[in-house]
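Chains as they are written, first to last, in our numbering: chain A, 121 to 401; chain G, 390 to 680.
Be aware that one or more of the hints could be misleading.
To be verified - Simulated restraints on C-beta separations:
no., chain 1, residue 1, chain 2, residue 2, range
1, A, Met386, G, Ile670, 29 to 35 angstroms
2, A, Phe305, G, Ile410, 22 to 28 angstroms
3, G, Arg541, A, Tyr154, 40 to 46 angstroms
4, G, Ile670, A, Asn165, 51 to 57 angstroms
5, G, Asp449, A, Ile141, 40 to 46 angstroms
6, A, Ile230, G, Ile410, 17 to 23 angstroms
7, G, Phe588, A, Asp359, 49 to 55 angstroms
8, G, Gly471, A, Tyr151, 48 to 54 angstroms
9, A, Phe225, G, Pro573, 38 to 44 angstroms
Everything labelled a hint here was simulated from the structure, so no lab data went into it.
Backbone N, C-alpha and C define an ideal beta-carbon position, used for all residues, glycine too.
Residue strings, one per chain:
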Amino acid sequence: MKYGSYNKSNYYIKKAITISILIVFAVLVLYPMYWVVISSLKTNNEFLSSPLGFPAKLRFENYLSAWNKGFSRYFLNSILINIVSVVLTVSIGAACAYSLARFEFKGKNIIFYTILAGLLLSPQVAVLPLFKLLVRLNLYNTYWALILPYVGFNLPFSIFLMRSYFLSIPREIEESAYIDGCNAFTTFIKIVLPISKPIIASAAIVTSRFFWNEFLFALIFIEDRSKYTIPIGLSHFRDSLTTDYTTMIAGITIAALPMIILFLIMQKQFIKGLTAGSVKG
Amino acid sequence: MYKNKITPYLFIIPALVFIFIFVYIPIIENFYFSFFRMNSYAPGRTFLGLDNYKDIFQNDIFYTAIINNTWYAVISLIFQVGLGLVLAITLESKLLGKERKFFRTIYFLPSVIAIAAVGLMFYYIYNPNLGLLNAVISLFTENEFKYAWLGRPNTAIFAVIAMSQWQFTGYIMILLIVSIQKIPEELYEVAEIDGASSFQKAIYVTIPQIKQMILVTSVITVIGAFKLFTEIFVTTRGGPYDTTQVLGTFMYKTAFFYDKMGYAAAIAVIIFIITFTTSIIQIRLANRGGD
Chain A
121 MKYGSYNKSN
131 YYIKKAITIS
141 ILIVFAVLVL
151 YPMYWVVISS
161 LKTNNEFLSS
171 PLGFPAKLRF
181 ENYLSAWNKG
191 FSRYFLNSIL
201 INIVSVVLTV
211 SIGAACAYSL
221 ARFEFKGKNI
231 IFYTILAGLL
241 LSPQVAVLPL
251 FKLLVRLNLY
261 NTYWALILPY
271 VGFNLPFSIF
281 LMRSYFLSIP
291 REIEESAYID
301 GCNAFTTFIK
311 IVLPISKPII
321 ASAAIVTSRF
331 FWNEFLFALI
341 FIEDRSKYTI
351 PIGLSHFRDS
361 LTTDYTTMIA
371 GITIAALPMI
381 ILFLIMQKQF
391 IKGLTAGSVK
401 G
Chain G
390 MYKNKITPYL
400 FIIPALVFIF
410 IFVYIPIIEN
420 FYFSFFRMNS
430 YAPGRTFLGL
440 DNYKDIFQND
450 IFYTAIINNT
460 WYAVISLIFQ
470 VGLGLVLAIT
480 LESKLLGKER
490 KFFRTIYFLP
500 SVIAIAAVGL
510 MFYYIYNPNL
520 GLLNAVISLF
530 TENEFKYAWL
540 GRPNTAIFAV
550 IAMSQWQFTG
560 YIMILLIVSI
570 QKIPEELYEV
580 AEIDGASSFQ
590 KAIYVTIPQI
600 KQMILVTSVI
610 TVIGAFKLFT
620 EIFVTTRGGP
630 YDTTQVLGTF
640 MYKTAFFYDK
650 MGYAAAIAVI
660 IFIITFTTSI
670 IQIRLANRGG
680 D
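Could you put the whole structure together from the sequences, leaning on the hints where they help?
Following this line, the structure appears as structure tokens:
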């Protein structure tokens with residue numbers, strides 16, 4: 121497109137104004153994060169005496185101290201629960217989604233809509249009976265108390281996401297495998313799963329974001345400090361480290377970093393999974 | 390293609406077992422609990438009929454909670470959907486080139502941080518003595534500003550709401566950007582030939598084309614506002630003087646501080662009714678407009 125000289129300068133003025141406004145918003149977003157990171161590298165005295173100042177020396181020891189005061193444990197718990205929940209959700213979900221996408225069987229539609237309706241149900245409504253159930257099953261205050269409900273609540277979304285992907289795979293690929301003597305199970309494992317890596321990655325990212333953040337179940341179903349996940353550990357930190365501000369703030373940074381890094385590395389899958397989820401969620 | 394009649398069920402059963410045991414049965418049980426007086430560990434229960442519900446409707450905290458949830462919904466609609474839409478249209482306009490990706494990533498960033506971490510971050514940002522907000526205000530006013538944003542009944546809930554706008558406006562913006570990118574380029578070309586300004590293109594092309602997504606994001610925002618828990622719990626715990634209670638924290642406090650499980654279950658039913666009907670409205674609206 122060609123601009124006249126007037127139009128061109130007009131265009132640049134408009135662009136400059138727009139970008140300045142966008143930069144103001146970017147500063148509003150980034151400055152609080154920057155403040156947290158800088159505060160996490162101060163001594164308590166520096167933090168108390170000049171909240172906006174820059175530390176004389178960057179104290180990475182604060183991270184070590186947060187790590188040693190329980191964070192290592194919370195981190196480990198979160199990762200463990202996350203891995204087991206993601207593996208269970210994705211594998212159980214993929215199998216179910218595959219069956220719904222490929223097979224014809226009695227009751228298929230009812231089953232599909234029952235699963236889909238699960239997307240509309242909020243965990244808060246189930247939390248009290250789940251608490252009683254977990255106590256009865258002797259699972260209260262174990263990792264399973266979180267893993268099992270997490271998987272249950274995240275299956276509908278992953279099934280929905282993966283089913284629509286499986287429907288888009290041409291049948292011919294599987295048919296030839298079938299002729300070569302594979303059964304339904306081996307076809308699924310050897311042919312379907314390998315070509316579905318992108319959608320599995322999306323499902324894994326979205327569910328693991330949920331598990332990493334989940335607060336309500338983790339607050340109610342776990343009692344021992346040694347089994348706390350990161351969000352609960354953080355919240356507990358606030359009450360126990362009332363005067364050790366900078367260690368606490370280092371803890372916040374440790375909690376925030378993994379998902380920020382994951383997002384920056386895998387932006388595409390991240391956004392794909394989130395947008396697919398929102399459309400029907 | 391596959392003849393075995395049992396195979397399809399074998400693939401499905403594990404998922405169904407999980408969903409029934411950990412989602413459906415507890416939710417049904419919750420309805421049942423709401424008609425009883427019961428405690429968390431004691432086995433006994435007394436049938437109360439609708440008394441729990443009657444009590445809730447006479448409880449002042451319930452009305453505080455409903456008002457707070459509604460404020461959350463309204464303000465989030467204005468900022469997350471309204472401002473999110475303006476940002477989405479601006480970032481996708483021809484005015485910007487490669488910079489758009491940079492801004493998109495930055496605006497989205499807060500939404501990937503755990504809510505508990507953001508909540509604690511703002512707990513310090515709002516701190517009257519050493520927080521970022523008062524320090525910045527003091528720079529401009531020259532005398533020392535020491536306001537307890539989360540400690541005063543008038544501002545506490547709005548301080549928490551502001552934090553959520555900071556966190557989620559970029560998230561809604563991304564959802565809108567994805568659907569703007571699906572609009573056929575020809576529509577803009579036609580508008581350009583007609584001499585439409587970029588503002589007119591936004592009003593007459595972009596917004597009507599993504600109407601569906603605007604509706605969906607509005608519904609997500611409203612549902613989110615009524616499911617609220619973590620944001621309040623890590624910042625104010627419902628205080629000061631219960632002024633920041635929302636339905637979620639009200640339920641939690643009733644169940645685990647006062648040990649009134651049946652009463653709390655009735656609050657959960659109310660949360661269910663509000664979020665479920667909103668979802669149904671979403672599905673209705675989505676189906677009416679085609680895909």
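Now the hints, each set against the structure:
no.: 1; hint: Met386/A / Ile670/G: 29 to 35 angstroms; result: holds (33 angstroms)
no.: 2; hint: Phe305/A / Ile410/G: 22 to 28 angstroms; result: holds (24 angstroms)
no.: 3; hint: Arg541/G / Tyr154/A: 40 to 46 angstroms; result: violated (27 angstroms)
no.: 4; hint: Ile670/G / Asn165/A: 51 to 57 angstroms; result: holds (54 angstroms)
no.: 5; hint: Asp449/G / Ile141/A: 40 to 46 angstroms; result: holds (43 angstroms)
no.: 6; hint: Ile230/A / Ile410/G: 17 to 23 angstroms; result: holds (18 angstroms)
no.: 7; hint: Phe588/G / Asp359/A: 49 to 55 angstroms; result: holds (51 angstroms)
no.: 8; hint: Gly471/G / Tyr151/A: 48 to 54 angstroms; result: violated (23 angstroms)
no.: 9; hint: Phe225/A / Pro573/G: 38 to 44 angstroms; result: holds (39 angstroms)
The structure fails hints 3 and 8 (numbered hints given earlier, in ascending order).
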